[in-house]
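Student: Listed below, chain by chain, are the residues.
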Amino acid sequence: MEESRDGGWTLVTRKPYFGLPTACPVCLPVYIYLKFGRCPFNLELNSSYPDSDQIPYIEGGTYVAYNNEKGGVIQQLKQDGVVDLDSEFSSLPEWVSMKAMMSSWLADAITYELWLGSGENSAKQIYYSDLPWVIGKVLFVKQVYDVKQRFHISKQNAEKKEEEIHDCAKAAYRALSAKLGEQDFLFESRPTSLDADLVGHVLFILQALPEDSVLRTAVLEHENLIRYAERHRNDILNSDPSSASASNFQPPPSAAQTSSSSKPKRKPKREKTEEEKRFQRKAKYFIGAQLAAVLLFLSLLGSSSKVDIDEDDED
Amino acid sequence: MAKPDEFKPDSPSENPKTEVDDENGDDGYEEEEEEETEEHELDEEEDDEPEPQLRGRIPQSAVRMQQAKLQGLFQRLQTQTVPLRVHDVLIKGNTKTKDYLIESEAALFKNCTTMQQILEVSRAVNFRLQALEIFDSVKITLDSGPPELPGTSNVIVEVQEAKSPLSGEIGAYTKAEARSSTVEGTLKFKNIFGHGDLWDGSFAYGWDNLAELSAGVHFPRFRGASFPLDVRAFLLSQDWLQFSSFKERSMGLSVALLSSTNHDLVYNLGWRTLTDPSQLASRSVRMQLGHSLLSSLKYTFKVDRRNSPLRPVRGYAFAATSQIAGLAPDSRCSRFLRQEVDLRYAIPLGILNSALNLGISGGIVFPWGTGFKTLPSPLPDRFFLGGNSSPISSLGGPTTVWGYRTRGLDPTEPRRQLKSNGGDEDAADPGVDFLGGDLAVTAFADLSLDFPLRWFRDRGIHGHIFASAGSLERLTQNAYKDFSLQKFVSSFRTSVGAGIVVPIQPFRLELNYYYMLKKFEHDRGKPRFGVTFSM
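Respectively, the protein sequence lines represent chains A and B. Read left to right, the first sequence gives residues 1 to 315 (the UniProt record's numbering). Read left to right, the second sequence gives residues 1 to 535 (the UniProt record's numbering).
Chain B on its own, in the form it takes in the complex:
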């Protein structure tokens, strides 16, 4: 502790060190206050006793002045702006991790001009360093700056690198190359080269018969860049035999070039193979079987200002995804343009925490290049409507019309007819293939409200009444010449329903009853109870 005659209230840099240790997630600033309070209390207790021999050298009045000044300092910290700059950031404890990584995360200190800002930034920097997943603990301490520079302080960032570089997790994710949410298990190797690099191998299984094996590396700041870099090699298999008589196998590389809260830019290079082991595919699917090379850039802009994605009561969300495929010197690779748009809006109604959620999603895909008017769009990149996910929480383009089963909307095409072994009679009807559309639009309206019982309200369980509509249309292979807006609008299928929503973080479980107001012959949907599961 500084001597009383050296204490200057206007230069808190000469105060004792202030630790901001978030190892336990607590606010170190508050701990320091408690410690000082305890010290202050201890000092007060000591005042009642005869002063010890050591303290006998410091007059009691000087001690009281010291305490008063400290109290005044903390009061000023709470009520007034205490000017303080950061002179230097010192890094300790990193034997493997490169200094630049920690320095770049701690760069926010440079702009601090007050003590309060420094304490706030300390909290943020601590969080960001913990988020790198390569440290067991992070301790940030404020120390006095050089005596020749009053009004400055040094920040000491002390890290303890993870003892074990290996970790495993199981969770639910949405990755760049995946088309839907997945449940996956991951094995991670941390910080092998000291650049905060995270190497992982993972296996994922998605709701729409998707299985993916991938390995990747994540650099939080690759070569000093301000954004992270993700590179993944993947082997993906998706089984659509039941719906469209084909299996998709894809292997390649995915590079996340830009990833922030609102923006995502991903480059995909993949070898895609469509096969039909059942040999029952319809003509349109048979024409697309084979190999193709996909080299594409996908940009996503997303802003979500809703209070909660699981139960939005107010706010809006907007997402737009643009994909251009065919970015390769080889003109024989797959070439198309794909655009998706999502808009959600939640209007609070004020009674029983009710809200009206409105949403509209649209998408279009079209080939480009020589002879594009007569070329079909790639089958895996078309839009398919139907499934067991809720359109409220997802912002992934037009995918769902409540009540319709996975890939359950026209257009369809009859599958290959087999002759039975008995003779000339035809075998059982093999069904139809769902071909998807080049243009898709979905819309919904959902009224959610709390139940009157408190038991439900406490658990977030609420009810909802909804209506949805959607349609698909083909535009490629000169089909756009027959397109008319009136015909498209008249082709919308509609459904209504009601149900109970059970939010189980991070999932949204819906138990609904659906009723189809309008459906076409081959649409797979009928009045029924159903469960929707989304995240």
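Chain A with its partners taken away, still in its complex shape:
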């Protein structure tokens, strides 16, 4: 696992695959978002925890933003002022509705395709290829079951559900394609988190899913989406994070160095309050009482056993 040696931000994602810096469809938008925001970061990989909802997460010193808190990593980066690309657009109704569409319809479509559709092999490569076979197999079966539970899929309604999910995804592609047109970004000429989500989504479908995937076929119908994703992919993959200008928000002073052997230090003694002194006195009395009770019990135990022996002798 690559370590971050120079401090700063570290993004922990799942492993790269299919020509993508991270093949996980949840991690890729975060990666792209940081690239759009010109935030320098190191990339670390976690291949041993495929079922964790904490990943992706970003860390810097003792600061950590997990994906399962406060709306996700991107939301926390915005709230904490690390990278905020949505400040001018997040209150627009159009922006909000597109965000909701992407985080529900398109996210569900990717999830369905990966675990219940044609992307099964891709899922195994992305999430379980670095785990022992037995563990990977069990976790995959468990994940498939969990996804079925989440979508309330049964044998009776499987086809209907699949059709519903694909129809929603196709409707979303039409709307996004219409909104995008031939622009570089969805809103004005500036990237937002929506662009990160959409670019990540399209790139994942094009490169990670097989050719017979329904989602892939649906995306290919919208050439402007393909051009948009390809254009930004080249920018993202060719840009060097170390040469980007530093963001305004720096991570807290790094205290993440492991504390190893050092000269013995004494904590400065603080004055004890009257209450603390009284409490300590009471604690000593309590321990003394316990000790006396143990000794008394042992003496009684010893004398009772002696009485038993005497009675036995008399018998």
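For the record, the hints were derived by calculation from the structure and aren't laboratory data. For every residue, glycine included, the Cβ atom is placed at its ideal position computed from N, Cα and C. It is possible that part of the hints are untrue.
If you want a taste of the chain B side facing chain A, the calculated C-beta under 7 Å gives, among others [stated by the list, open to error]:
| no. | residue |
| --- | --- |
| 1 | Gly290 |
| 2 | Cys333 |
| 3 | Phe451 |
Computed cross-link-like contacts, DMTMM-like style, restricted to lysine to aspartate or glutamate with a CA-CA straight-line distance of at most 20 Å [unchecked claim]:
| no. | chain 1 | residue 1 | chain 2 | residue 2 |
| --- | --- | --- | --- | --- |
| 4 | B | Lys247 | A | Asp53 |
| 5 | B | Lys373 | A | Glu44 |
| 6 | B | Lys419 | A | Asp84 |
| 7 | A | Lys137 | B | Asp330 |
| 8 | A | Lys124 | B | Asp330 |
| 9 | B | Lys419 | A | Glu69 |
| 10 | A | Lys155 | A | Glu120 |
Covered, in the sense of this in silico footprint (three residues per stretch, anywhere, with C-beta under 8 Å from a C-beta of chain A), are these stretches of chain B [unchecked claim]:
| no. | segment |
| --- | --- |
| 11 | 291-302 |
| 12 | 402-416 |
Since chain A is already given, all that's left is putting chain B on it; use the hints.
Tutor: Same frame as chain A, but now just chain B:
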């Protein structure tokens, strides 16, 4: 009783049967002597009376000769070697238990050449058969051998199989896959297939937040092997959130391949998962969260020649444990080498039953495989120092430095800092995670002595003064390049103290006062009274 003219003192095989019945734990040989003495006394009483009609056919002088010969026989048994071999071992009473199991336990009879040896072996065989826990009673009888083979006897082993195959117990144990002693409750099913098999289901709780649910089977002699076979399936959960911000859950199989007094060989196959529900873990712990497969072989050699593990006054003990993990065709499983060594030595000082106990323990863990120099060692397999157990009785590697709390020694790493809801101010300090070390060494010296009062001496309560030291060091992820012996020695923490030891079989309870002579900033230890409990 044999006729007097047929009795031959040199062939005791033709004597009446000798029962060695240890059902009550008594020595059957002594009972037989008492019976014969009583018979002898009865005979003497009968001599005073007019001989009964039946006895009138046997002359009195013949009876006296018979008695004299019997007396002579027992005298010879006590003072001389009476040559006698075992011709055959007959087994009775086993309806379910396979013959081979009892025969293998009774195989010691084959090598006996004297009556005394046979009686001694009978006692041992009786004990071993009782130890199988599948019989309610075991009776061993010596019978005369075939007449054509003088100087031989037959051994009859009569067993009564347990009426109820179900039993339950509560006790304190140390199992192969457990890292510490546990208190557990067990439900056992005995001898279901007749191979002496013991099936059990148990729940255990250990002192270091360990909870384990397991089921296993024990074969005393699997397919005729000379050693027992233990197979256990376990589900184990250990909570280290307070100390290192992670929880460990492990499930798998443990097979004890070899188990004897000095040697133990155990194979473990387990799926281990580390999680952090608190989401406060430090960076080093976060990197280790997730799933891993542990396939390891652990060999332990142990020799304990001390007079008592609870209060050693003389003798020595040595234990070495070697573990190699990664024994699987899949290269993606956890791979490391782990070695622990313990040495204890007790020197009697002669006054007030005093003794000086010295001990040193060391351990090292290191990953192996491709890129091993940059890989970290698995967090649960590192060494952590501190806790409430006494280093005198335990031989489980470097674990304790007196006075330091559980997992209370550096190295540490700051946990994740949370922002408070109020604003930009940081929330309360979340503390540090104790990360353990790849190299650990502990040492101690303990002077124990009796109190002058007899009341204490009678109960084994004694005092002790002690000093201990220990240190941890990281070696993995290229940290070994910065390692130096001088720096390691200077990093030793030391503590001294005194206390009272109360041995409560099988536990050792210590009530001590500790004082830290040297500690580091994040070490969890301070001058205090404390209780140590170990077994």
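Student: Next step is simple, just say for each hint if it's right about the structure.
Tutor: Checked hints:
1. Gly290: holds (3 Å)
2. Cys333: Since the shortest Cβ distance to chain A is 5 Å, the answer is holds.
3. Phe451: This hint is violated: Phe451(B) lies away from chain A, its Cβ roughly 12 Å from the closest one there, beyond 7 Å.
4. Lys247(B) x Asp53(A): Distance ~16 Å between Lys247(B) and Asp53(A) Cα, so the pair holds.
5. Lys373(B) x Glu44(A): holds (18 Å)
6. Lys419(B) x Asp84(A): Distance ~18 Å between Lys419(B) and Asp84(A) Cα, so the pair holds.
7. Lys137(A) x Asp330(B): holds (14 Å)
8. Lys124(A) x Asp330(B): Holds - the C-alpha atoms of Asp330(B) and Lys124(A) are around 16 Å apart, at most 20 Å.
9. Lys419(B) x Glu69(A): holds (13 Å)
10. Lys155(A) x Glu120(A): holds (18 Å)
11. 291-302: As far as the segment 291-302 of chain B goes, the hint holds, because 3 residues have Cβ atoms under 8 Å from chain A.
12. 402-416: Holds, because 7 residues of the segment 402-416 of chain B bring their Cβ atoms closer than 8 Å to Cβ atoms of chain A.
Violated hints amount to a single one, hint 3; each of the other numbered hints is respected by the structure.
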